[in-house]
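**Q** Chains as they are written, first to last, in our numbering: chain A, 1 to 137; chain B, 1001 to 1137; chain C, 2001 to 2109; chain D, 3001 to 3109.
No lab work stands behind these hints: they were computed from the structure.
On a predicted model such as this, the values are computed, not experimentally measured, just so you know.
Please note that the accuracy of each hint is not assured.
Below, in silico cross-link-like pairs of lysine-lysine (BS3-like), each with a Cα-Cα straight-line distance of 25 Å or less [claimed, not checked]:
| hint | chain 1 | residue 1 | chain 2 | residue 2 |
| --- | --- | --- | --- | --- |
| 1 | B | 1029 | C | 2092 |
| 2 | A | 15 | B | 1029 |
| 3 | A | 63 | A | 29 |
Per the computed footprint, the stretches of chain A lying under chain B, defined by three or more beta-carbons under 8 Å from a beta-carbon of chain B, are [unchecked claim]:
| hint | stretch |
| --- | --- |
| 4 | 45-52 |
| 5 | 95-107 |
Covered, in the sense of this in silico footprint (three residues per stretch, anywhere, with C-beta under 8 Å from a C-beta of chain A), are these stretches of chain B [claimed, not checked]:
| hint | stretch |
| --- | --- |
| 6 | 1003-1014 |
| 7 | 1019-1028 |
Ideal Cβ positions, reconstructed from N, Cα and C, are used throughout, including at glycine.
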Amino acid sequence: MTKDTTVITVPSHPKYLCVVREVSAKFAKVNGLDEAAVEEIRLAIDEACSNVIKYAYRGDTDKKIIVRFRMKRNGLEVIIEDNGIKADPGVIRGRDMDEVRPGGLGVHLIRRAFDVFEFDERKEKGNRIRLFRELRR
Amino acid sequence: MTKDTTVITVPSHPKYLCVVREVSAKFAKVNGLDEAAVEEIRLAIDEACSNVIKYAYRGDTDKKIIVRFRMKRNGLEVIIEDNGIKADPGVIRGRDMDEVRPGGLGVHLIRRAFDVFEFDERKEKGNRIRLFRELRR
Amino acid sequence: MKIEISDYNGTKVFGISGDIDMNSSPELRRELLDLVVRKVPVLLVDFKGVSYIDSSGIATFVEGLKGMMPYGGRLKFFGIPQGIREIFSFSKLDRVFEIYPSIEDAFNR
Amino acid sequence: MKIEISDYNGTKVFGISGDIDMNSSPELRRELLDLVVRKVPVLLVDFKGVSYIDSSGIATFVEGLKGMMPYGGRLKFFGIPQGIREIFSFSKLDRVFEIYPSIEDAFNR
Ligand SMILES: Nc1ncnc2c1ncn2[C@@H]1O[C@H](COP(=O)(O)OP(=O)(O)O)[C@@H](O)[C@H]1O
Ligand SMILES: Nc1ncnc2c1ncn2[C@@H]1O[C@H](COP(=O)(O)OP(=O)(O)O)[C@@H](O)[C@H]1O
């Protein structure tokens, strides 16, 4: 196992989002990220996992979400996997921030915390989202 | 995947114990255990994982510890696996509580939180510890 | 998350504590829309105990506000912790919601 | 975990905050034994900020106390939060350590 890798697997029930949030925050913290970064990361990973529940699993609460954290020399990598409905990365767009309506904020919060937010096209079934936050930014 | 199962894999570095603690506490909490139970469970799992680092891995910090939580109808099951040195369950004994010396407290704290604390003899390499806490006790 | 509903000089107050996330926001939505359909004129929301809010929580308040606008109802927030304040300003919703430092300010203005 | 070392009427005080666990107890051990080898007569330990302690933290204090006994040094705890207090009593170490409610009590007795 690579040093500084942590993997958490939870059911796709929203009640487990708090578990993922705590792991995200503690992982970032023990690897030296500052408090503001920790809070951004906590929220971003929650948003990404909420979207997995909503869109990949359409609300099914007994599927699997796997989140893998890895501290690299140049930054923090987070990989989120599901085996739900494939996303069309083309439609993933937050709302215009000057528009006032419920929704469309999650993607902005993910992009605020992470420099890279991409779907790994090589995954055959389900989705693999790759997030990366550079240490110097 | 079974409903209400969560798995966390961390490196055998003591800095990740806080990650395991948070997962333990949140898992117990979202599954309805009361605050006193949550705190006992948090501490017991920390103690069990500390022992894996100390005894199974002799302080090696880049091995794997896998902790699996499962909420069953009658209680909470926690399975802790390593692939380190096999334990001799016969020697696992806490100190006499009336003796004042450093150490020997961890096993007592594990038994306080869990009704079952056993090594699964079927595991070939490494150790698999099974903890079980009954809901009604 | 927990919501305590109380009364301040005749005005309804939501005292929210804990995490507002995808798991708890449906309950917040029920409580909020329950008052909105009854055309509550003013609702004060005490954020002091809120430890976390995600986009589902924010969306719920946007929905509540949109429900109150047609009849002139007012949704007023107070006691917002710094970390949560930042999410409102990041999402530019601090210009949309009425945000006050204290319950007195929220009530009087 | 963080340790702030200060002085109260000429007596050394450890103000500990955060989690004392297998990761942080080696640092606590270093700081504690550093004073013990210099035969500190009294050490006050402020637990108010301690959020967690495991058996490695407890063991560290037992070791410190055992180091102080031969020369008559005294290790005094105060401000112990309820949850942590329970671990001391569960392990029967509340009969071994000097535990006081406040820094004044710890200092004066
Ligand atoms: N994991 C995902 N799978 C599929 N579609 C997604 C995923 N994440 C986001 N999307 C799409 O991107 C849009 C914007 O997402 P987001 O900003 O989180 O807002 P919201 O979910 O509130 O609409 C969503 O409406 C959805 O169409
Ligand atoms: N996972 C383990 N593998 C091997 N031996 C163990 C394990 N856990 C506990 N032990 C044994 O049981 C004894 C008591 O454990 P514990 O109560 O945690 O106290 P301590 O580790 O402070 O000695 C240890 O000294 C050790 O010999």
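**Q** At least three residues with a C-beta closer than 8 Å to a C-beta of chain A: is that true for the stretch 1003-1014 of chain B?
**A** holds (count 10)
**Q** Within the stretch 95-107 of chain A, is the number of residues with a Cβ closer than 8 Å to a Cβ of chain B three or more?
**A** Coverage by chain B is violated here, the residue count being 0 at a Cβ distance below 8 Å.
**Q** Does residue 1029(B) lie within 25 Å of residue 15(A) when you go C-alpha to C-alpha?
**A** Distance ~10 Å between residue 15(A) and residue 1029(B) Cα, so the pair holds.
**Q** Holds or violated: the stretch 1019-1028 of chain B covered by chain A, criterion of 3 or more residues with Cβ-Cβ distance under 8 Å?
**A** As far as the stretch 1019-1028 of chain B goes, the hint holds, because 5 residues have Cβ atoms under 8 Å from chain A.
**Q** Within the stretch 45-52 of chain A, is the number of residues with a Cβ closer than 8 Å to a Cβ of chain B three or more?
**A** Per the Cβ count (0), the hint is violated.
**Q** Holds or violated: are the alpha carbons of residue 63(A) and residue 29(A) at most 25 Å from each other?
**A** Status violated; Cα separation ~28 Å.
**Q** What's the verdict on residue 1029(B) and residue 2092(C), does the C-alpha distance respect the 25 Å limit or exceed it?
**A** 34 Å, violated
Of the numbered hints listed earlier, those contradicted by the structure are 1, 3, 4 and 5.
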